[in-house]
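**Student:** Please arrange chain H on chain D, whose structure you already have, making use of the hints.
Protein sequence lines correspond, in order, to chains D and H.
For the first sequence, the UniProt record's numbering gives the first residue as 1, with consecutive numbering after it.
For the second sequence, the UniProt record's numbering gives the first residue as 1, with consecutive numbering after it.
I should point out that these hints are in silico values taken from the structure, not numbers from a laboratory.
Glycine included, each C-beta is placed from N, C-alpha and C at the ideal position.
Simulated restraints on C-beta separations:
id: 1; chain 1: D; residue 1: V176; chain 2: H; residue 2: L69; range: 39 to 45 Å
id: 2; chain 1: D; residue 1: D260; chain 2: H; residue 2: R123; range: 15 to 21 Å
id: 3; chain 1: H; residue 1: R126; chain 2: D; residue 2: L158; range: 36 to 42 Å
id: 4; chain 1: D; residue 1: E100; chain 2: H; residue 2: T41; range: 49 to 55 Å
id: 5; chain 1: H; residue 1: Q271; chain 2: D; residue 2: P36; range: 33 to 39 Å
id: 6; chain 1: D; residue 1: P36; chain 2: H; residue 2: N158; range: 25 to 31 Å
id: 7; chain 1: D; residue 1: F110; chain 2: H; residue 2: L92; range: 24 to 30 Å
id: 8; chain 1: D; residue 1: S128; chain 2: H; residue 2: Q209; range: 48 to 54 Å
id: 9; chain 1: H; residue 1: L177; chain 2: D; residue 2: P36; range: 43 to 49 Å
id: 10; chain 1: H; residue 1: A49; chain 2: D; residue 2: E100; range: 45 to 51 Å
Residues of chain H placed beyond 12 Å of chain D at every Cβ, according to the derived structure:
id: 11; residue: M1
id: 12; residue: I5
id: 13; residue: D33
id: 14; residue: A35
id: 15; residue: G56
id: 16; residue: N79
id: 17; residue: F81
id: 18; residue: W161
id: 19; residue: L220
id: 20; residue: M242
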Amino acid sequence: MKWTLILGAILAGLAIVAAAVSFVWIPYDILGTDVPNKLQPPSAGHWFGTDQYGRDILSLVMVGARTSIAVALVAVGIGMGFGVPLGLIAAANRGGWVDEVIMRGNDLIFAFPSLVIAILITAAFGPSAVNAIIAIGIFNIPVFARVTRGGAMPIWTLDYIRAARVAGKNRARISVEHVLPHIANLLIVQGTIQFSLGILAEAGLSYVGLGAQSPTPSWGRMLAEAQTFVTLAPHVAVIPGLCIFLTVLGLNLLGDGLRDALDPRLKVMRT
Amino acid sequence: MLRYIARRIASLVLSLAVASVVIFLLVEMVPGDPATFMLGTGAQPDTLAALRAQLGLDQPLPIRYAHWLGAVLSGDLGNSFTYKTPVTGMILDRMQVSLPLAVMALALAVLIAFPVGLFAASRRGRVADTTVMGMTQIGIALPNFWFAMLLVLLFAVNLRWLPAGGFAGWDQPVAALRSLLLPAVALALPQAAILSRVLRSALIDTLDQDYIRTARAKGLTRGQTLRRHALRNALIPVLTIMGMQFSFLLAGAIIIENVFYLPGLGRLIFQAITQRDLIVVQSAVLVLVAAVILVTFIVDLAYAAVDPRLRAR
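Chain D extracted, bound-state conformation (with noise of 0.2 Å):
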């Protein structure tokens, strides 16, 4: 196994299993504030230290780890639940004016600063963490069906897709039944990169305050309000900081690393 997959896995795995384990438990109650133990370096008693309201960061961090994981995975949900039935249908119905209708649209998606549009999503609906996965989700429809076109198409000109035809299933049937299966660890890999993409969009877009209100805790909007206490208390900016770096780090990594293992001719998008 390639090291980049074990590592790639390991810090992924931490990010998933600190958010698990914050539903049963977490070091300290991040209601509370504990305002004369402020901006305390990292201790014994607090591995991250404290923030600007005396709370433990390392709790703060575990919490914030699921805000950041569920919006980048429903956002891949979403891009994966639209997108992929939409490369199916547009590769099925290859040449035709089906598959340039999808292509074409996928392209007007595609040519719009994804960013601008999230901020302009999230602005117009009021900042919430629901609407940052609603704006991050809707980009990653294309690169979803563009990803299944691309990886359906060489399929359907194989003799058992013929075969199938012959035997009189439906262009659906044999969508589902014999070009899904094909495609999916290149949809894995897809998945594993959006998903990175995806939690470095909820931190930028929770940073500017338009995702995960108070007092849902994330990464992007610990970072935000560590801005002003930087230079009194680093370790405030850095924490949060790295555990988005560590984490989309982790994600990149298992994603090259799946792509290695499962099919190294896989043609994945990086956006």
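**Tutor:** This is chain H only, laid out in the frame that chain D set:
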């Protein structure tokens, strides 16, 4: 070639048209009536109605869109609800920060990426290549706004070499460039990481070609072959990525401008969102999206000019 250009122009116009509709509708959905915002919640109903009529808010949606689009096409983006000044002027002012920032960031990204990509490709499969590529993974995973904060902490707060934020203005060019340097580095590093990976793999693909073997057989050194033959041919995918990156940098500067309190287009958008100055939000986003779509269009044309195979499609 003409057919290719015509198709690209058609898709450019379509993209711009769809962008204008999407932006118009999204801003229409923003809760809160600009007239109520301008007059306050205690305003008299008839005053409110008069202002709504004056702003054209009482017109049906398609009419409002047509009026807005007509005005936009003639270069009139209206007046800011908050500052009562023409939005076109405000955006042009802010572009003087955002545009040089994106150009500087792209230049830095290229300056970093080319030597790194060339170095890694020339040592492909060796420890040096693996190490450099590992480092680019770090660059890609860095959230640029966090990296920006770390840069401020090191170069502005601790070393005091560069300003932590704000913009000096172009009447002091050196100070202005100094205030854009850290934001440009923060924007450039992740892009440099991506670009160097693209350059490396494009170079490696090219290095497998027969004409490279011929060049080596002629007696050229590995470095000479790489620079004179491989690099030139590997540039095509690299140019495409650079075009996409410039668009990304223009749009991506939105968050970085907030870290450094730079008076650019991104900061204008956020200020306008908090002030509910919808006309500014609408216009600034439209300008940004149009700029990105235009850059993509220009890159497509440049790409076709460089690679004749594309024109034939």
